[in-house]
Every structure is written in C-alpha cells, then in structure tokens.
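2 protein chains.
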Amino acid sequence: YDCSLLSDINRLFLCHTLCTSESLLCEEWASYGVFYKYQPIDLVRKYFGEKIGLYFAWLGVYTQMLIPASIVGIIVFLYGCATVDENIPSMEMCDQRNNITMCPLCDRTCNYWKLSSACATARASHLFDNPATVFFSVFMALWAATFMEHWKRKQMRLNYRWDLTGFEEEEDHPRAEYEAKVLEKSLRKEYRNKEKGQQLPEEAANKWQQRVKRVMAGVKLTEKEKLTWKDRFPAYLTNFVSIIFMIGLTFAIVFGVIIYRISTAAALAISSSPSGRSNIRVTVTATAVIINLVVIIILDELYGCIARWLTQIEVPKTDKSFEERLIFKAFLLKFVNAYTPIFYVAFFKGRFVGRPGQYVYIFHSFRMEECAPGGCLMELCIQLSIIMLGKQLIQNNLFEIGIPKMKKLIRYLKLKRRRPVDHEEYMKKKQRYEIDYNLEPFAGLTPEYMEMIIQFGFVTLFVASFPLAPLFALLNNIIEIRLDAKKFVTELRRPVAVRAKDIGIWYNILRAVGKLAVIINAFVISFTSDFIPRLVYLYMYSESGTMHGFVNHTLSYFNVSDFQEGTAPKEPMELGNQICRYKDYREPPWSENKYEIAKDFWAVLAARLAFVIVFQNLVMFMSDFVDWIIPDIPKDISQQIHKEKVLMVEVFMKEEQGKLHLLETWRDKDKRKGENCNSHSPRSSMSHRGSVSSCHSCHVDV
Amino acid sequence: YDCSLLSDINRLFLCHTLCTSESLLCEEWASYGVFYKYQPIDLVRKYFGEKIGLYFAWLGVYTQMLIPASIVGIIVFLYGCATVDENIPSMEMCDQRNNITMCPLCDRTCNYWKLSSACATARASHLFDNPATVFFSVFMALWAATFMEHWKRKQMRLNYRWDLTGFEEEEDHPRAEYEAKVLEKSLRKEYRNKEKGQQLPEEAANKWQQRVKRVMAGVKLTEKEKLTWKDRFPAYLTNFVSIIFMIGLTFAIVFGVIIYRISTAAALAISSSPSGRSNIRVTVTATAVIINLVVIIILDELYGCIARWLTQIEVPKTDKSFEERLIFKAFLLKFVNAYTPIFYVAFFKGRFVGRPGQYVYIFHSFRMEECAPGGCLMELCIQLSIIMLGKQLIQNNLFEIGIPKMKKLIRYLKLKRRRPVDHEEYMKKKQRYEIDYNLEPFAGLTPEYMEMIIQFGFVTLFVASFPLAPLFALLNNIIEIRLDAKKFVTELRRPVAVRAKDIGIWYNILRAVGKLAVIINAFVISFTSDFIPRLVYLYMYSESGTMHGFVNHTLSYFNVSDFQEGTAPKEPMELGNQICRYKDYREPPWSENKYEIAKDFWAVLAARLAFVIVFQNLVMFMSDFVDWIIPDIPKDISQQIHKEKVLMVEVFMKEEQGKLHLLETWRDKDKRKGENCNSHSPRSSMSHRGSVSSCHSCHVDV
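Taken in sequence, the protein lines are chains A and B.
Residues 154 to 855 (this note's numbering) are what the first sequence spells out, left to right.
Residues 154 to 855 (this note's numbering) are what the second sequence spells out, left to right.
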C-alpha cells in the first residue's frame, strides 16, 4: 500500500494505521523483542481508543510494580534457603538419635513410622515457613496499597494527557433487548386489558387508540413503562439459584478430589510394595492437583458462558450495567472456582482428623487426611504453585495463542472451499477491510482483566505461603503484554474506539482483593504455618530459651492399647514400647483426662487469634496511612489543571469582550450611516429592553 | 430601624439582616421554642455564608440521626431492666444459700466477705451487660456508616441548592507569617553571604543589587525561596516533644488518680467504722471520677491553647494548612485527654491484680485495684456517663453561655467607665456597626466541631457499655443547636461569609472515629463484659445446658494458709473453713500446679479473641456494604446536574451561533454598502487567512 494513493477515508482509517501506527505498533509494541521497553501508550490509545489504552497502561503499571515485589520475594526465598541448616526444629526432626515412633497414617495397613523419615519435607517446609515470610506478607499488603495509589496517579496523569479531565460518561441509552422486553410487557398488558374489556367495545376502542399512540410515540413509551421488581423476579431467582448451584458444584468437585485422594492413598497402601509406599504421598498429591487444575480450567470456560447467559436473562437496562453485572457474576464464580481447593488446603485440611483411637471418618470408611509432618504450608505452597503456573501456562498463553490461530485457520479453510479456484487471485485483489473482516471479532476487555485480577489474587492472597508468586506473575506478564498486543494488532478485528476515564468496576474488585488479602494472610501465617506455635514455645515453655525440644512439645502421646478394634496396624510395635506419637496438643495417656485437649492447645489458639487481630489491624492501619500520604492527583497535574482553567476563563472573557467590541464598532458604523435602527447605547437600553426588541442588532445587550 | 430609610449599603449589610433575616433567624432558628422544627438552613447560609451553613446543616443531620439511635438505645436499656429478674448469674449471686466466702479486697485491714453482699451491683450490671448490648453495638456501627453516607448525600444536595457544584476552592495565598519568615530567611542568607564576601566588594555589590531586585519583586521572592525541611526542623521537633509530653502528662494524671483511689480506699478501710466501709467504694469512685472530670475540663482548655501555639511556630504556608494542622493536633490531644481514664477502666483495670498470696503491688505498697464483683462494665458505664454528662453540662453549656455573657458584661463595664455620663445617650445614637463591634469576635468553627466530634466518640466508641449515650447526646444537641444559633446571632460579631463545599478534615476524623469504634466495641464486648465467658460456660461446661453454676465456675479457690506473711486479714475465718474464693481462672490449691493459670482461662481467652475477629470483620464488611449500596450523590441531583450541563452547552452554542450570525449580517450589510474591506466568505477565507489579516471584521473567522 502506498498511502499517498489512498482516498481520504482510507487514509484516516487504514493508511494511518498501516503506514505509521500499525507498523510502528508492531515494531515498538507488539513484539517480544521490546519486552524491556515501556509501552508506547499514547500510540496504543490513538489506534485503539482510551479504554484499551487504559487497559494496557494498567497492565504496564502492574507489571512494573511486580518487579520490586519479585525481588523482595526472591530475597525472602533465599533467606529461607540460607537458614535451612540452622533451623533447629527441622534439625531435630532429621536427627536419627531422637528416634520418635509416630502413629500410623491409615488404619490397619499402614505401619508405625519414624519421624526422621519425614526429614526432607521438614527441611523443604522451612523454605516457605520462616519469619521472613511474615515480613513478606506485611510488605505485600503495603505493596498492594501502593500499587492502587500509584495506578490512581498514573490514571490521573493519562486523563490529563488524553484530555479526559472534563469528560463525563454520557448517559447510556437503553439496550435493544431491554426496550424489546418493555414493549412486549406493555403489549401483553394491552392484550389482557382488551380481553377483559370485551364487553365494553367503547373502552376497548379507546385503549386501542391509546396503544397506537403510545407505540407511535416510541421513545416516550420506554420512559413511562419500565421493568419492575416483579417482572425481573424470575430472572433474579434463576440467577441466585444458578450461582448457588455452581458454587455448590465447585465445592462438590473439590470434595470429590479429597475423596479420591483418601481412597487412592488407602488403596495404594494396601497393594504396593514397601518401597513403593514412600512414593504414595507424592503420586496422590500430584495427580489430585492436576485433576483440580483441569477441572478449574474447564469450569472457568463454562462459568464464563453461564455468567453471560445469566446476565442476558436479567435484561439490564444499559450496556454499562450489563457489563458490571456480568463482571460481578463472572468474577464471583471464577474466584470461587480458582481458590476453593487452595482454601481447603490452607484452612481445613488436617484440622478435623480426630485423634488415634478416635479418628473422624467420612462415609464411615475413609479417614480424614492429615498434613505432611512438615506442616500444611508446604502442601499449600505446592498446590498454589501448580495451580497458578498451570493456569497461566495453559489458559493464558496456550489458549490465547492457540485458539485464535485455530479459528483463523478454520475460517481460512472455509473460505478456500467456497472459492477453490480463484482464491489466491481473489485474496490479492481484496480491500484491506475485507481482509480484516476475516479476523476474530473483538469480545471486550473483560477476559483480559479477569485473567489479571485472578493472578493478582494469587500474588496477594496467599503470598505468605509462596513468596515466589510475584516472580512467576512478572514472568508471565512480560510475555502477556506482548501477547495481548500481538493479538489486538494482528488476530482481532480492530475494535471500535471507546472513551473511558478509568478502569471502572475492576478498581473496586482490586481494592476488595487487597483488603481480603490482609485477613487471609493473617490466617495463613497464624493457622497454616508453625510461626505462632514456635513463638509460644520459645516464650512460654522453652527452658533453654532456644527452639530445642519444640518438635517433642508439639507431639502428643498415645498408648497403642487404646486403638479401637480393627484399626491397629497389622505389624506390631517393637518390644517394650507401647507409645506412639501424633501431632496435636492433647493430654497423655497417663493423665486423668487422657486424650482430652490440653491447656497448650488453648494457649496456642489464643496466641494465633491474637496474632490475627494485631496483624490485621496493624496492616490495615499502615495501608490506610499509605493511602493517605500519597495524594490521588499528582501535584504537577493538579497545578496544571488549575492553571489551564484560569487561562481558559481569561481567554474566554477576552474573546467575549472582543466580540462585543466588534459588534459595537459595527453598530456605530451602522448608526453613522443613518440606518433605520433606532437602537440605544448598551447602558441605557438596559431599562428599555422591550422597546428595542424589534431591532435585531440589540439582542446582544440581552 | 425602618428599612426603607436606610442607604443602599446599609440595606445590603444591615437592613437585610435586621428586618428579614435576623429577626426571622431569631424567630425561626435561634430560639429554644422551635427546637422541634427543622433549621432554616438556607436562611442561615444567606446570613452567615456556606461554611457556617454547612456546620449547622451537619449538626442538624447528626441530631436527627441520633433520634433512631436513642430509641433503640432506650429499648436495649429497657430490655435489660425487664430481664434483670430472670438473669440466672445475678440470681445466683444474690442467693443467700450459696454463701460463698470471698478473699479480702485489701491486705490486713479488709476482711473476708460474702458474695451475696454484692447482689445490688450484680443486678445493676445486668442492665448494661446483656446480649442486647451486642446487638446494639452492631447497630451503632451500621448507624455510624449510615450517618456518614446520609451526610454525604445531604452535603451534595446542599451543594446543588447553593450552587457550589462547580465551585473549586481557590489556591490559598501564603499567610503573612509564612512570607515574613521566608523574607527573614533570605535576608539572613544575604547577610551571611555579605559577611563572607567582605573581601570581594564587587561580588558583594552584585549580591546587594540582586537582593534589592528580589525584594522589589516581592511576590517572586516567595516563589523562589521556600522553607525547607531544615528550616522547619526545630519547630517539628518542638511539636513532637510537646505532644509526647502532653500525652505523657495526661497518662500521669490518670495514673495519679488511680494511686489516689487505691490509697484513699486503703486509708478509709483502716479508719472507718464497719458500717462506713460499705460506702467506701462509692465514695472513692465518685470522687475519683469528679477529679478526672475536672482535670479533663482544665486540660482541654490548656491543650487548645498549646495546640494553637504549636501550630503557629510551625508556620504553615496557607490558612487551610494552618487550620488542618491545628485541628489534627487539638483533636489528638483532646481525644487522648477525654478517653484515657475510660480506656483504663475498660481494658486495664482489674487485669493486673495478681492472685491471693501473690498480689501485684505498685511502689511496693499499693495493691492494684480490682473491679466490682459485677464486672468492670458497670464501672465503665459510671465513668462514661459521668464524664460525658459532666463535660457536656459544664463545658458545652455552662461555659458557652456563661463566658460570652461575662465577657460582654466586662466590655460593657469598661465602656461605661470610660464614658460614665453620656453613655446611655451615646448608646442610643450609635450606629449598628458600632454596637456590633462590642460583641465577641468570631473565633472559627473549630471548637464547635471539636465538641461534637468528641461527643460522637462517646456515642460510638464505648456504646457497648452505655446504650443511653445516644439519648444524652440527643438531649444535649437539641439545646446545643439553639444555643449555638443564639450565640452566633446575638453574642458574636457577624463572621465574614466563607464559601465551602464540605466540612473538610472533620469528615475524615468522623470516619476514623467510626472505624475505631468497631474495634473498640469488639474489645469491650469480649473483654470488659461477661458475654463471652457466659457463652463458653453455656456451650463447653454447663451440664444442665443453662447458666446455673456459672458464678461458681468463674471463681477460683484459695487456701488461706497460703497468704504471704502480714497480708492475711486480722480477723480470722470462721472455724473449719480454710478456703476463700476469687474471680479468676486458676488451678485450685489441691491441684499439682496450684494457683497456675488453668485451661479454662486459655479457652475463654481464645473465645474472646475469636469473637473480636468475627465481630470486627463482620461489622466492617456490613459497613462497607452500607457504604456501597447508598449512592454518594442522590439520583435526582445527579440527573438534574447532568440535565443542566446539557442545557448550558446548548444555550452557549445557540448564543455563539447567534453572535456569528449577527456578525455575518452586519458584514454583509457592510459589504453591500461597498466598504473598503475585501473580505472573503468565511469558507474560502480559511485557506487565505494571511491575506485578510488587515481586515478587522474578518477576525471572527479565526
């Protein structure tokens, strides 16, 4: 294409983009080679409009903010690696001399085991369960607050640069679907009235006339009639029931995976050889997480479609309200879908196990699963990392690259079949807009934002258990920006440019996730990690003032003669030993209230809860403080806006004065030439406005 | 005064107010007789300006919102009164048959006592310590959120009605004090430079000239030079140290009152007759609270002055910043001053007592004080009600009425002494503005707001312990509105009208108090009241499923032979009994770890903390929800504003078009008459702009 040969319209719509922006965009933006550069946001905005420009600006700010978070995350992880050999609890667990016999992990088939065999998990667990993690989750909460503030300022700056400061979103027109529904309702009402009034032909005729008038009036109809709560009730009910059902479905699937895990573990324990038994836990955990991941990805697509359908039957009035309702529903479903298995591992797994001799059973046959000896945090970390990475790799990258490419291929093949002979020739002759029509239509920014918000959740919500999450998010986003850019430039039809001042409801969702993150991290640190029990041991029980003896303190005693019939392991214990240990704070068999919950349990629980309160309030206060000290509008921008306002008023006044002056000189000229207009001077005309109304030139005084 | 006789200026400034507004204001507003009516806010705004109008509007909204809060508070109180006879714990305490012997309340002089003698306090305590209180504090947290939202909407409505929607606060000019300081700084710099450059007369001369230029430039000086952090450091340091010192002083005084209470109680116990001893607690508590009250009122005035002085030495740049800094400091100091004794009673009193045989002593001689047997909530309630009522009665009403009246009297007497003879005659002849000059000058709205915010704190912060607080606040405010109105109309010089869009920093302070209230109420319910121990007893320990046995469960056992030497009461116990009881969860003397903290203590503590977490998060979530569902701008107002904007643009466009049209007709006329202007038609002139620049009339095209 040579731009100079194109017509005017084409210049504006095509050549502009082909010769300058698009090739520039390809070079400077939609290319993996420039990943280290800032995005040319102004160019993006010029080509795609403000709304998409804001999305990429937001993505850029988010990715940029992930850099410090990743660095601190790596440092925290390295701290864990460096201190793993100095960690007394894991050293004690690995010490062969301690030789603690643990109670079996399943009924009958499992055997007693030595604590030192769990040495590796204990050491690995220290990588993520150390005091630096506490610091890191405080840091990430403040990071989230800073990110929100930073984005607000960037948004304001862009608003100013893109001349949106005075822009207000226009009142939306009702959607066609809404108007159709309202029309249908009023027609049905008419019909019903007509049927009733069959006996009164006069009245019916009147009504009919009224109806014709109203339908003719068209616009006025929608103003008068509107959908009441009664009309919407069935849709709302469907929505509510469906959402509850889908959340229930997610829970059921997670529960199913738990059952799978328990039963497979039991089955493998029976059948496998002694050497294979050690691999059981790894096998079961890995397959279960992969099942979870696959289910999450499938349900994600399904829930997206269902959310759209549910919003359609709701018939929202405006496009904006449609989008907001859709986003809210889709977010709720996808959030529950992505995080339920993680919540289970973090807060429920291993907490309802019961105790040896009185285990809790599901369906009277499956014993509830316990956490690994290193604590549940390790498992949470595995679960989190696999789901996060898998979701990003498969869903975000594979799907986003693969599916559009496939769709394009299919469309191309279809086209070829239709015009098998002269296809090549036809393609050559085609206009640009004809080629573009073959591209995938633009489906809105919702999926792009959704993907990023769910990722933001992985980065903030459980960051206490997985400090490398920001790093993985950063790596993903560096690719993601260019991937999205490529998709927008080459795979999708060019979207209609839409103006927007902000990222809308997404900002509120981000805020909500940030707030939720504080409380969830507080619970992860205090309940999932061993941080609090260690502190309590150090300050309340330790005689030497060190962590020596901590492992022993967390294990309760059990007399093997107290096993219920049929649950004791087949292989008996070594001679002379009647005691096995399990992880809980309960009274020993020689106590009066044997196996009852001990005082230590309550003390640790109180400490855990106190930590949650302190952590939550402290972090919330600090976040509010960050929010307060960083002004929402950058100072230079606010000054510039103020200056421009003053200037504009000045210019306006001057211009008005100039015009008035001009009019006066002309009128004076007119007067001098003795025209038939008997106008007064502006001053005196004030009081005689009526008398000069016939004179056109005097209107200016008014 | 007959208005028709006054000159124009007087009509505007005086007659307007005397003949319409002021008398109207007196009748309709500044009169106790109209307390049940809405305030004529528009009239207030017309006479006093927007800022004061907003204050009274806010006070009106607050008072109005107190009505439902008072009603619910009264219902909660009545519920307490109605259920006092069905309350099993207090019934058990009053039951003579239980006959529990309690350990003495002070060393040596105090005797063992029967629990049934504390029957009255236990019954009274139920009035404020019942499940309805929990409901009431949730209600009040939501009430606070609703109030904030309601005010935002009201403010928006007033903004629209008073035509402030487009109003932006102008950039403040620097304060004179600030400019003086900057000038002083730059002069000192010059001087120092001059001294240094004594050997270089040329350079010095240059500098001198520069300085003269800069001083002449005046305004530019302040733009270039400004106070850096280094200049301000001494002031900041002074501020910081003074505030810390004053907070320390408040703490010290509260501590002093505690010592007074302990020592007086001990002294009275030694000296008084047995009959008088029962009155000791009442006497000591009452005098201590009154001392607290007096100290609070004195320090309040003192801290107000100190805050102003501290802000002055800080030399803030603008008036707005001065006001904000002053308010922040004054609020901090007055808040700490008013609430420290209450915080002490709520969260610290009776918690560091130790146990019989091992009490905690201050200065090795004073035993820490305990709460009454009915719990600390009763004492908190007394403390709160006396301080709140006393502060309102003395400070708000007595001071506000009395002091201006006294000052007026003094000024009047002074005047009379100066002109003893013709005073009466002089007064008659005087102009209105001369009479007005004798009034007290207007000192800003800060004290008025401060008073109300501190009251808002009493209403929300500890409402769990005193459900009648809203009622007392309501009664006070009904008087307060009219009192303030009277003061503004008759006692103060008419303030200069100031425009304002909102109540400024006070809104943020209100929000902060509201947020603080949630967490404080959570702690009051769970730690000060007996709500949680009762629940724990009911669900964990009670065998019958009722509250029977609760009192017994909360009392630990003590063997009187374990008293430290010299601390046992002089009068021995009745024969055969070696055990006295005290309120704590500790192991009994016959246990292995006698007098150690028992398991129950930790269980109750965990329950208390869990309650705090649940309560805080639930209430915060509900508040956010209220915040979210109530739109900030009333729908009718936002629609109206939008409509007006559209209309304005339309009118503007039409007018512009009219003017252009007018100009064109004139020009055409000009042309027809063969003037010497060779202007082109507007269309074609676009491309030949240069050639027509000599023609005046064609400027319009540009």
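If you're looking for bench data, these hints aren't it; they were derived computationally from the structure.
One thing to keep in mind: the hints can contain errors.
No distinction is drawn between identical chains; accordingly, a pair holds when it is met within one copy or between any pair of copies.
Claimed, not checked - In silico DSBU-like cross-links for lysine-lysine, where the CA-CA straight-line distance does not exceed 35 Å:
#: 1; residue 1: Lys639; residue 2: Lys334
#: 2; residue 1: Lys561; residue 2: Lys267
#: 3; residue 1: Lys796; residue 2: Lys560
#: 4; residue 1: Lys639; residue 2: Lys561
#: 5; residue 1: Lys747; residue 2: Lys338
#: 6; residue 1: Lys338; residue 2: Lys569
#: 7; residue 1: Lys639; residue 2: Lys544
#: 8; residue 1: Lys752; residue 2: Lys379
#: 9; residue 1: Lys338; residue 2: Lys788
Please work out whether the CA atoms of Lys338 and Lys569 approach to 35 Å or closer within one copy, between two copies, in both situations, or in neither?
Cα proximity of Lys338 and Lys569: none, with 47 Å in one copy and 83 Å across.
For the identical chains here, do Lys752 and Lys379 meet the 35 Å Cα criterion within one copy, between copies, both, or neither?
neither (64 Å within a copy, 63 Å between copies)
Quick one: Lys796 to Lys560, C-alpha cut-off 35 Å, is that within a copy, between copies, both, or neither?
neither (52 Å within a copy, 46 Å between copies)
35 Å Cα threshold - placement of Lys334 relative to Lys639
Close neither inside one copy (40 Å) nor across copies (59 Å); limit 35 Å.
If the cutoff is 35 Å on CA atoms, where do Lys338 and Lys788 land: within, between, both or neither? Let me know, please.
between (53 Å within a copy, 26 Å between copies)
Since the copies are identical, ignore which copy is meant and state whether Lys747 and Lys338 lie within 35 Å (CA to CA) inside a copy, between copies, both or neither.
The answer is neither: 71 Å in one copy and 79 Å across copies each exceed 35 Å.
35 Å Cα cut-off: does Lys639 pair with Lys544 within a copy, between copies, both or neither?
So Lys639 and Lys544 pass the 35 Å test inside one copy only (21 Å; across, 69 Å).
Identical-chain pair category, Lys639 with Lys561, by Cα at 35 Å:
within (14 Å within a copy, 79 Å between copies)
Please sort Lys561 with Lys267 into within, between, both or neither, judging by C-alpha distance up to 35 Å.
neither (59 Å within a copy, 90 Å between copies)
Checked against the numbered hints given earlier, the structure breaks hints 1, 2, 3, 5, 6 and 8 and satisfies all the rest.
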